[in-house]
Amino acid sequence: MTNLVEIRGLTVEATTDSGRWIQILKGIDLDIAAGETVAFIGESGSGKTTAAMTLLGYARPGCRISGGTVRVDGRDMASLSEKERAALRGTTVAYVPQSAAAAFNPAATIMDQVIEVTRIHRLMPPDEARRRAVALFHALSLPDPDGIGDRYPHQVSGGQLQRLAAAMALIGDPKVVIFDEPTTALDVTTQVEVLRAFKAVTAKRRIACVYVSHDLAVVAQIADRIMVLRNGAVQETGSVDDILTRPTHPYTKELLHAFHPDTGGRSAPPVGDAAPLLEIKTLSAGYGPPQPNGQPLVLAVQGVSLQVKRGTNLGIIGESGCGKSTLARAIAGILPACKGDIQFDGRELWHSAGQRSREQLRDLQIVFQHADTALNPAKSIEDILGRPLTFYHGLRGKARDARVDALLDMVHLPRALRHRRPAELSGGQKQRVNFARALAAEPKLILCDEITSALDTVVAAAIIDLLKELQRELGLSYIFISHDLSVIEAICDEIIVMYRGQTVETIIPSARQQPQHPYSQLLFSSVPKLDPTWLDTLNSDADRMRVA
Amino acid sequence: MKSRVPSLILSRLLIALVTLTIVSFAVFFATTLLPGDTATILLGQAATPEAIAGLRTAMHLDEPALLRFVYWIAGLFQGDLGTSYANHVPVATLISGRLANTLKLAGLTTLVSVPLALTLGITAAMWRRTLYDRIVTVATIGIISVPEFVVATLAVLVFAVYLKWLPALSFTYQVDSFAGLLRAYAMPVVTLTFVVSAQMIRMSRAAVIETLNTPYVEMALLKGASRPRLVLRHALPNALSPIANAVALSLSYLLGGVIIVETIFNYPGIAKLMVDAVSTRDLPLIQSCAMIFCFGYLLLITAADIVAILSNPRLR
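Those protein sequence lines, which keep their order, are chains A and B. For the first sequence, position 377 (counting from the first letter as 1) is numbered 377 according to our numbering, and the numbering increases by one without interruption. For the second sequence, position 141 (counting from the first letter as 1) is numbered 141 according to our numbering, and the numbering increases by one without interruption.
There could be a bad hint or two in this list.
What the hints assert, rightly or not - Incomplete in silico selection of chain A near chain B, CB under 8 angstroms: (1) Ala-87; (2) Arg-89; (3) Thr-91; (4) Ala-102; (5) Glu-116; (6) Ile-508.
Just so you know, the hints here were simulated from the structure itself, not pulled from any lab data. Glycine included, every Cβ here is placed at the ideal spot set by N, Cα and C.
Please put together the full structure from these sequences, using the hints given.
Take a look at the structure:
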């Protein structure tokens, strides 16, 4: 009995800048039966996407399949000619990309792109293809299934595009579909809908799936088996149950551990401290030219009030576009608020950072989500950390050098990194430098805007541990903004749920308080659990709430 | 949010109009800054001061520059380009024949160079990093680096002097048949094609390669699309706007920048007319030529911008 997919001894090589070829996949073996879903899991750079793409006989530019066989439906994708591979792409093996928003051609309508597979392979007349596409849109529970195809990609939301990309993959009736992190870019509430739609459609057609992801909880919902990859080698393969409950490999254990961040390890917040460190009253901020009523054209934050007590942490959670980053920018004064009061340490702050005193700026620091863009690529780490030291503390020469070393120690980076540039560091290291720069000012409050979102689970967990440790040592407060509930729960004493620019609820996790507001209930219930039955048993109340 | 295209195009045309006004201002005052007194030059060294003063009054040269500018603009709007200082012929008559010649040469060159350049650029992008791509790239760089007078002179030397296939001077040759047209225009057109194509080839190749690296082209590849389909259906529509700009910039050169080619082939075009006008200090003629060049340039650039607006689905 042969399987639908049989991968034997697969190796892939990539070329380096110096022109040498190095192995990035080191001998992979895998079987996938018809109708089975196998998840490839691992951190970024582990080779999971590269491995999945070999099923299409494709290696990204600069890479090549150097050995082994990839038999799909009896044919070895690795040894076929480019023309023969092209004939199988879309018809036997199909691909759902990570970012559907980028994978749709901006200059063509959605329908044209969805049915393009049938046109390329001459599978059916266009009218029939269109009918089929509309049927798929229905099956994937897309809104306005009859009209959505006439739109251009930019007129459709991200979650919808992701489902449309699935329709694009399914139209040619493939036997194998590769899902490449299809929900990573989506909000948790949208992710649930998309996962459900994928699961229903692929189960109904008995399509074998390869599901690439770094999120164990998502994978648990959708996969039959899991293959754990690291540095281009298979660490462990097993059923979902085995991997989740009886992991044997240390790396798998680490992954599982990272999924349950430590909620302890912090000193209890000081009680009875009457004066809050930061107090915000009915703050509004937005974008665009001011209107006659004095408000900006688009109001992203509307009348938000909150308090941060000294030495405690406040979490702000909400879906993308809910105004949580705008709130952070308004507090920091980068985007001056149009209304409301900001009181910091008992004193009123100006709305605009330009009018605040240097001391006030120093006390309130912000750390941005993307360390890549927040760190000047042309400066060395030493310069990046040294600048705030000179600006706020007037440090120069030896004193400055010593302080830079101390900062690197604080964020657990080797001192030797000080002469490197940001591009020479890993994602986690860059985020540590980004954070050290805020620490350099010796602030009282740090605004952390999605600082772990771009990082792998294991790396993110390490950053959270670092934040806790520094809080113990330096008595800082954090405002921690994220769309990831588990991260926020791990570090925050109080959580604010934001929805459409307003706070809908304040939750204190230590009190085991359950969310009351319908939106927070939906948000909390949408966070995937490691339990493989979670998606199937998820209360359909959520759907009713969505409508409301 | 029906469609923003009409308003965008309208605003683009308005900008062009404003630019033209500013340019006319600049052209007029730049020419009045030319050294030397027109009346003195026209009448020669021996003229009496009375004669010079009389001429100045007759030519309105004694009036303020701003007033003369208003006269000039008003004249332009009525189609009156003024009278040549040098030979007292209306500027319009002087220019019309020359402009037709220039447009004929530019039109023929466009017909040859644009399809040729785009085909080479796009196919080079399609077969990137192949021998074909390398040959095209090296050849275009080579052609960019050779000055046009060298190309033109060599062409004359080879085809007219040694081989005697083509006439060395375009204008003296009577065009009475299609073959005659080919013979008369072959060398100037080929020379100009060399000059303007290189930039278009490089820009269209770069623009297409840029879009070939996008995720949506990779997606199309993974749908099983062939290479021509990837380039023509997915990459090219998204590369249209930079290509249109490169074409417009290259073609604008055909109006005013062809003086060397016109001189070598003794072709009576408008660029040569303008250079002659400068040596005779014929202000109305210089101004009119400059305005024609600017107008042509603006026309091309505006057209490229409109193509860019129309090719962007986000604005539809």
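Hints, verified against the model:
Interface hint at Ala-87 of chain A: satisfied, since its Cβ lies 6 angstroms from the closest Cβ of chain B, which is below the 8 angstroms cut-off. Hint on Arg-89 of chain A holds. Least Cβ distance to chain B is approximately 4 angstroms, under the 8 angstroms limit. Residue-level restraint check for Thr-91 of chain A holds (minimum Cβ-Cβ distance to chain B is 7 angstroms; threshold 8 angstroms). Checking Ala-102 of chain A against chain B: minimum C-beta separation of about 4 angstroms stays under 8 angstroms; hint holds.
For Glu-116 of chain A, the shortest C-beta to C-beta distance to chain B is roughly 6 angstroms, which falls under 8 angstroms, so the interface hint holds. With a least beta-carbon distance of about 43 angstroms to chain B, the hint placing Ile-508 of chain A at the interface is violated under the 8 angstroms criterion.
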